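Student: Protein chains in written order, with this note's numbering: chain A, 123 to 489; chain B, 123 to 489; chain C, 123 to 489; chain D, 123 to 489.
It should be emphasised that the hints constitute simulated quantities derived from the structure, not laboratory data.
Please note: incorrect hints may appear among the correct ones.
Derived coverage of chain B by chain C (criterion: at least 3 residues anywhere in the stretch with Cβ under 8 Å from a Cβ of chain C; other residues may be distant) [claimed, not checked]:
id	segment
1	258 to 271
2	290 to 300
3	381 to 395
A few chain C residues facing chain D, derived, Cβ under 10 Å [claimed, not checked]:
id	residue
4	ALA225
5	SER229
6	THR308
7	SER367
8	GLN395
Calculated lysine to aspartate or glutamate pairs in the EDC-like style (CA-CA distance at most 20 Å, straight line) [to be verified]:
id	chain 1	residue 1	chain 2	residue 2
9	B	LYS435	A	GLU149
10	A	LYS338	A	GLU149
11	C	LYS435	D	ASP426
12	A	LYS435	B	ASP432
13	D	LYS435	C	GLU345
In this text, all values refer to a predicted model and were calculated from it rather than measured experimentally.
Where a beta carbon is used, it is the ideal one built from N, C-alpha and C, also for glycine.
Number of protein chains: 4
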Amino acid sequence: MILLIAYRVKGYINGMNTTSANNETAEHALVPMQSVGPVPIRGPELDADLMVPLASYESPVWPSTQRGARVCERAGGIVTLILDERMTRSVIFEAHSVVVVAAAAQSLSERLDELRDVASETTRFGRLVNLNTQIVGKLLYVRFEMTTGDASGHNMVTLAADRLMQWILGEYAGLSYVSISGNLCTDKKASAVNGLLGRGKNVVAEVTISRELCKKYLRTTPEALHALNIKKNLVGTSLAGGLRSANAHFANILLAFYLATGQDAANIIEGSQGYTYTDVVGDDLYFSVSIPNVIVGTVGNGKDLGFVEDNLKALGCREKRELGENARRLAIICGATVLCGELSLLAAQTNPGELMRAHKTLERKGS
Amino acid sequence: MILLIAYRVKGYINGMNTTSANNETAEHALVPMQSVGPVPIRGPELDADLMVPLASYESPVWPSTQRGARVCERAGGIVTLILDERMTRSVIFEAHSVVVVAAAAQSLSERLDELRDVASETTRFGRLVNLNTQIVGKLLYVRFEMTTGDASGHNMVTLAADRLMQWILGEYAGLSYVSISGNLCTDKKASAVNGLLGRGKNVVAEVTISRELCKKYLRTTPEALHALNIKKNLVGTSLAGGLRSANAHFANILLAFYLATGQDAANIIEGSQGYTYTDVVGDDLYFSVSIPNVIVGTVGNGKDLGFVEDNLKALGCREKRELGENARRLAIICGATVLCGELSLLAAQTNPGELMRAHKTLERKGS
Amino acid sequence: MILLIAYRVKGYINGMNTTSANNETAEHALVPMQSVGPVPIRGPELDADLMVPLASYESPVWPSTQRGARVCERAGGIVTLILDERMTRSVIFEAHSVVVVAAAAQSLSERLDELRDVASETTRFGRLVNLNTQIVGKLLYVRFEMTTGDASGHNMVTLAADRLMQWILGEYAGLSYVSISGNLCTDKKASAVNGLLGRGKNVVAEVTISRELCKKYLRTTPEALHALNIKKNLVGTSLAGGLRSANAHFANILLAFYLATGQDAANIIEGSQGYTYTDVVGDDLYFSVSIPNVIVGTVGNGKDLGFVEDNLKALGCREKRELGENARRLAIICGATVLCGELSLLAAQTNPGELMRAHKTLERKGS
Amino acid sequence: MILLIAYRVKGYINGMNTTSANNETAEHALVPMQSVGPVPIRGPELDADLMVPLASYESPVWPSTQRGARVCERAGGIVTLILDERMTRSVIFEAHSVVVVAAAAQSLSERLDELRDVASETTRFGRLVNLNTQIVGKLLYVRFEMTTGDASGHNMVTLAADRLMQWILGEYAGLSYVSISGNLCTDKKASAVNGLLGRGKNVVAEVTISRELCKKYLRTTPEALHALNIKKNLVGTSLAGGLRSANAHFANILLAFYLATGQDAANIIEGSQGYTYTDVVGDDLYFSVSIPNVIVGTVGNGKDLGFVEDNLKALGCREKRELGENARRLAIICGATVLCGELSLLAAQTNPGELMRAHKTLERKGS
């Protein structure tokens, strides 16, 4: 989180005494947490059946996700892949004319190797992989994309971006500083850029479920679930003015997973923009979730909390591995878990009968 | 959360044993929590200076928000209002032809009083206030809007929607059930509908800060902050393909506030779609945040947790008041707190110097 | 078009001599025009088979649309409806605080009858039917919605909005003028507001085509066309970051129809945001287009051109009818024609074979 | 236009007789056309003062644009640049699993040179410059980007895409054909992809106007116009749920320019998604338009019409030049002309007085 930078400096906040906040007795919000599963993960990078911890105030998230895990286990497991990974930060420069920013943008695109060396001065784990420039009038936005090892990488890329800005301001006389963050990044805001250009890990998970399993565990049919996905997730989301999104509730599972593993849960905003895609293949249901912006790390803020370390260890994400493999493993587990929760809720919504009975129960509670 | 309904029924989940999940020793995710403030709130509904609890893995959220609170206190406080409140659920019907759904949509719009009575059978706190229909081919989407008292109202409106569906299916022969949730609601997904038609509480908070205070507490000027808001929040967000959004990090403060007060934090997705609007008035900075979808309640899931009750009481949101007043008070506090955090971060981003120093510190940490 | 107003005033443009533009020998762009059809329209408001004129530089639009018309005729015709109609203009006011604009917004919503009377002073054909307000900080946006008879209504609603602004500024002391157009209207810009709140005529057209007809006239199957609509129009558009849109090329047919009937063709921007919805029902293909923002008129700019009058007469849109019926008839014809063109192109794209042969031909032309 | 392909094949449309359409006496829609200017263009690629033809049913477009041209001439001219150019077409493949499409996507990104050779077999003017892949479940979307010389390039890239599909289907056994157009292109639909990844020519035009000129020719001030741009184009468009757009009426000028120069005017949909960016620099107004998707050509459909040839010649776009230079020149002229029209309308909207008088005049006309 970019905030992290702005306040890790001694004496940063002048003109005010922040003791009250800093010395205050630390408390904790206790968010109920349970493990669900085993979530049956199959794929080139990870093949395992894992109990997954989820922290939430919404108790139904556990049995719902578990029901999905159960049927996926019977169906042979969830094939889960990572398509891409990077973390981004955009900065803003300004000049007196578009002529200056256009020349700078052109030049920067040709000096990627130099920029990579500059970025490398700020981190031994991150690497600049690409940049994207956007120009509006005399404003130049540069979106830096980096791989960030096992960290989600918000701070790593921000530090690199700051160093890159200094270097660029030194190299291009006509440019001036506008902002270390230009919202083209974009961090924790609904947008199209993260899906199209990438931010975090792009995870796809899929499972094929027979008609029998659909009926026995989900009380539905491949046709009913496929039709619901079209009418609700695809058409309904578009009608709402949705943006690069077609799913029922990725956000619920992502929030619970992020909280249980010490992630910055505000990243569920990008995370919620993904696709549930279904098909009827022969007599089976093809069910998949595509989540382009899973933002997780196994090191960094929140990862040193006791319960987080325990959870990451239990998920096998604190092993000695190649740089980035622990974080990739965590993202894969996250994606497979989201599939379980999404599948279960959609199946429930195909059946008015189930909800009728549910209502009777709730009404007695007098909502 | 709609999930709540699907799993509150005994024996609901057949074909599987959910004991492992339900009987599992309950654990908790311990999210660090601190109070910041006092946040100086001024307005027709609430005039108070309150310490606000924020739970987050991102430690900078506390001093950042506190810096904003401090300068707002010196500036005379944050004027905060609620413009509107409602909770929504959309359902989907289908017919064999658009002729049938068009006639039903027209009829429903003329029978709002009857629909209101039907909805009232399911709740003594909620009231149907309006509906919006959308038609695509032979599909009919009906978005129900209700006031829900002191609850955020997800379950209340879902129960009412289910009863309304039963009634409508009985009244209109040609319609059939498609889904209790059609994503036009829209719940926890980035969209335009919630901002335009309303979901949750529409909160606006504003403060006017003199040039002197800007310099002393924020190390910036009214002109610099106004220019940054234009280039980063307005232009930058649009460049990213942002949707009904122009802010730096509403999501961070909303997440911390929601977790500390027992809210369903996945609602930060709608919450993140709001506006920071600034202006230079004479020699002062006008700074405001407009958050159309603050979704909070003082009763319901998560509100019975000990620390949540303590926090709600400390905020004065568990008093005997008119129906809905406790929740409105909580939403106002939320909006004012978001302003504090947004103001502080934007001010920091106007100053490259601050971040340079911050980086040196962080680098020693070896990110 | 709002421009219309700004230049109909004698001596408006001071400091410059506009003679060169005004006295210049008037020329014309000659856009090739052909009629296609008959387009078989069935529905409560219009039941007719009409030859529809289309003007375009893209010659394929004629045979393509005609192929669609032919198969729809065989299939029993296109059921076409208008769900809603209104024209909009939004204005912007400003105050020193959100308190003032919030009070004004609340008051305006309670004084709709008075506002209607004020609007009526400016037109004998238009009628204010509703308004929507949006508040950002101390800014107040008011979106006026009017019925506008047989005119598309851009000027009618702008004139009314200007009078309403004067009246509101007189009634609410704290407000000041910002703009007669606030882009919340929104006119000729891609947005979500026009689809959700309405602008122009909301037209839905549908047809049911047997497997035999699909094969004989479209060389495809109900299943193939339905699958393509899901993968291309629904998923593909969303991936592109599309907004309230799922169609292949509404814009092409709308442009050709608007040019041939003297409409302001820039309105194809709103028009392009609509839905192609398909289904396989038994052995048949259900095919529909939903176009929420068809903006056409039978009077006003461009309608007095000779060829336009001829075309409107040929379409039966210059008859003595109730106010608005000619324009409604024109919108219905437009929607049915869009369906013909959309159906034909989608069918072609289900067949790689057809395009292979097409390519060979084109290559000889040496593109 | 992709339609072009589907119908240029002899005997293509079987099962129907298209003679009625093809042999029908060709007519024309006569769109009034006038030249405005001179438009004073300054820049590295083009320095000229040109009379620009505009065809429209909306007569105000001429004096409005001309007023803008006049003030820009006095201000020293409009600096206009092209930042990027490419035309795109996306195709869809499908496999039985994400594993297959993920491997194919990875492989294709490493075989760009081979793909370039395949594309070159279909055209001697176009060149494949890049590709972007998107994966949803088992679907693979590949967006091909090509330079297309002096043609707008719709057909050129579609032909190349078709050949590329054939080649890819031959190389990757697990893939099957879904569509030659996947809407990720995206053609004539509102989206975010074209702005972020490029489609057509990315044009930026800017001018700096003194306070005196603002007052004399535009009856406004730098401050008033800058404030209006913020409140209307930036905030207002976002409130409307706008997408990558902040302008008043790019579409009006683009439509008139496209019709007068034989372009496929449906491309105004992408064209309308651009930015008006303003600033007050010292005592001057900085005014710019950024139009990422100007789609024009000097050869191809519509360019052989007599009046189009005359207009292109008069604009100097039919000279013997390097491949693509004529089209680039045309795009630059287009961008500068849009600036003139945008500037003039925004200035008018800062003055309620002007519109008041305008209304009185119009009322006499009895709208």
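Student: Could you check the structure against the hints above and give me the numbers of any it violates, in ascending order?
Tutor: 2, 3, 4, 5, 10, 11, 12 and 13
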